[in-house]
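Chemist: The chain contents come next:
2 protein chains.
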Amino acid sequence: MELAEHLAEFTRRDWQTVDVPDEPVRFALVGLGWWAREQVVPALAASDYCEVGAVVSGSSSKAERVRERTEAERALDYEAYHDGEGTDAYDAVYVATPNATHLDFAATAADHGKAVLCEKPMEATVERAERLVERCDAAGVQLMVGYRMHVEPAARRMRELVRDGFLGDPALVEGAMCQDVFATVSPDPDQWRLDPDLAGGSALVDLGVYPLNTARFVLDADPTHAQGTTASPDEAFAGVDEHVSFEVAFDDGVAAACVASQYAQRRDHLTVTGTEGRATLKPAFFGEAQLTVERDDAEAAFSVEPVDEVRAEFDYFADCLLDGRDPGPDGEHALVDVRTTTAIYESADAGERVAVTS
Amino acid sequence: MELAEHLAEFTRRDWQTVDVPDEPVRFALVGLGWWAREQVVPALAASDYCEVGAVVSGSSSKAERVRERTEAERALDYEAYHDGEGTDAYDAVYVATPNATHLDFAATAADHGKAVLCEKPMEATVERAERLVERCDAAGVQLMVGYRMHVEPAARRMRELVRDGFLGDPALVEGAMCQDVFATVSPDPDQWRLDPDLAGGSALVDLGVYPLNTARFVLDADPTHAQGTTASPDEAFAGVDEHVSFEVAFDDGVAAACVASQYAQRRDHLTVTGTEGRATLKPAFFGEAQLTVERDDAEAAFSVEPVDEVRAEFDYFADCLLDGRDPGPDGEHALVDVRTTTAIYESADAGERVAVTS
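Chains as they are written, first to last, in our numbering: chain A, 31 to 388; chain B, 31 to 388.
Fair warning: there could be bad hints in the mix.
[Stated by the list, open to error] Footprint (simulated), chain B over chain A, 3 or more residues, beta carbon under 8 Å:
| hint | stretch |
| --- | --- |
| 1 | 183-194 |
| 2 | 268-277 |
| 3 | 305-315 |
Simulated from the structure, these hints should not be mistaken for lab results. Everything numeric in this text was worked out from a predicted model, so none of it was measured. Ideal placement from N, C-alpha and C gives every residue a C-beta, glycine not left out.
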């Protein structure tokens, strides 16, 4: 395989199948927190495939403020959403509420026959995540989970290099995602990301899941066993993991060692070392992924204009809906992450390696 | 603390106490393999504090060849060394034989009243490592283990930055050391580094011990628990670990996630992420350490001329002997690494986190 071939059209939308539609896919945005307002709304404003049809919040006034900004047709509170008001205004539902409420909002979407794009992690427990998948399956609606790295060109090119043997046999993965959540997301010590009931965990499920899931994606492999260690020295993180280190063994024999933190100097990378070479995403997960490849003593760093991963994620999902094919990563794929992070927490408590079973 | 203060005299020998002696410390080099011949002999040729007094090998002809090159006073085979021939020709013994034989050669040195500089890992099992320490203690000879990163200026400056709070509270450590042992050390598939009886392990004890021990050094902390996963997909590594990933929990609450490989694209780094900053050694362990520090959005990469770590290690040891003080890392320090790597292997077999006990 030729490296140049992989990289000639680095940022190409190799998943795109349909032309710009006359009628964009209209989304109901459910949960208008930091991520939806700061990342998703601008991405959809720039999109030719998607638009905001409805905005849904626990707060009617917040919904109305965002409706004005987005020119959405409807602003709904949660009760109105669950009651099925305004379903004519949207074709699909984007769920970005606290993790432990994803099931409820996705189930309502399924009841209304709407396709679901659900933020990661899919839910706060394996049991609720499984029910979420079942509800969408039973209703026959498409379900995708928002792992935006799957449409990140640098990650897609890395996956191709691994698949085509550029690294030889992959042997070891390293990954990290660390941030100061108070600086990046919100200064509020009571934000839901630090609430064990609403978030189901913190550093691991909010951040560590990026290197975990992206490793699965680039290796095209799934975890068999996992183990980890958590620490929460600061008061604000009582009940959730502030820092986590974890190891995952994959079904192709590769092992990953990763760290994540909600309160540390920012860091993000994913590094796959093989018998003959290495591929590194760094930066990786904060929306500016860049790829570096090495073999023997040669190193090439590809400097490409970052794409808007959120826009690409929504456009890909819309492309699948318009084309009538199933989007991925789907619910079954995302369940593996929920089972793996649950295994890591269990391991941290029990001091044992835990099998990741389906 | 001022960063400039830490770095103004980056490569200073902050451990040096004595002037260049009229009579350098004379070493017996025991074990004339790749490392001793290619790294140690040139380092001692350049040293003002040390010289080669005797060379000791299982092969008389190899010993004689190296004696000619080094102008050492004596060339000895192992029998002659154990019999105490030529002890007038050296003041101290450097042991660089296969790991599982360090005890025997160090014990003989102790019997002859010679100080011991023993290569890492100290021995192949905890029991033999403990006996090595006991023999040196009982004979009243000084024992140091060859963790050359302790005299590496970049690692020493990193330790100062951590100690002085530049990173805030250290939270997570990442580390890696990967090489192609056939390209770096020897193409021989039967080399002792791949022999379970002689080496007591491979990727972990030969390479992984670098990020492990250097993390201990820069954090000034010791492991409490360890876990790991090993893999040996290639035939040449039957019986030893070709690849390893491992996690270590330290007594200050920090966790480390590391990888090491004897057969992979070369890689080496040690990264400590704290609540307020980060310090990175990269390159780290192959003799060319460089330090990068980050805080908030600022990053400083210090480009300094690498020192000869092996020469510094011998000079430091000689300085201690000439000054009459005890060198470090000593046997008790190195025992912790042997206990930790043993715990990681036990964890890999048992699938459990293993306590590191003294």
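Chemist: None of the hints should be skipped; say for each whether it holds.
Modeler: Here is how each hint holds up against the structure:
no. : hint    : verdict
1   : 183-194 : violated (count 0)
2   : 268-277 : holds (count 6)
3   : 305-315 : holds (count 4)
In summary, the structure is inconsistent with hint 1 from the numbered list given earlier, while agreeing with all the others.
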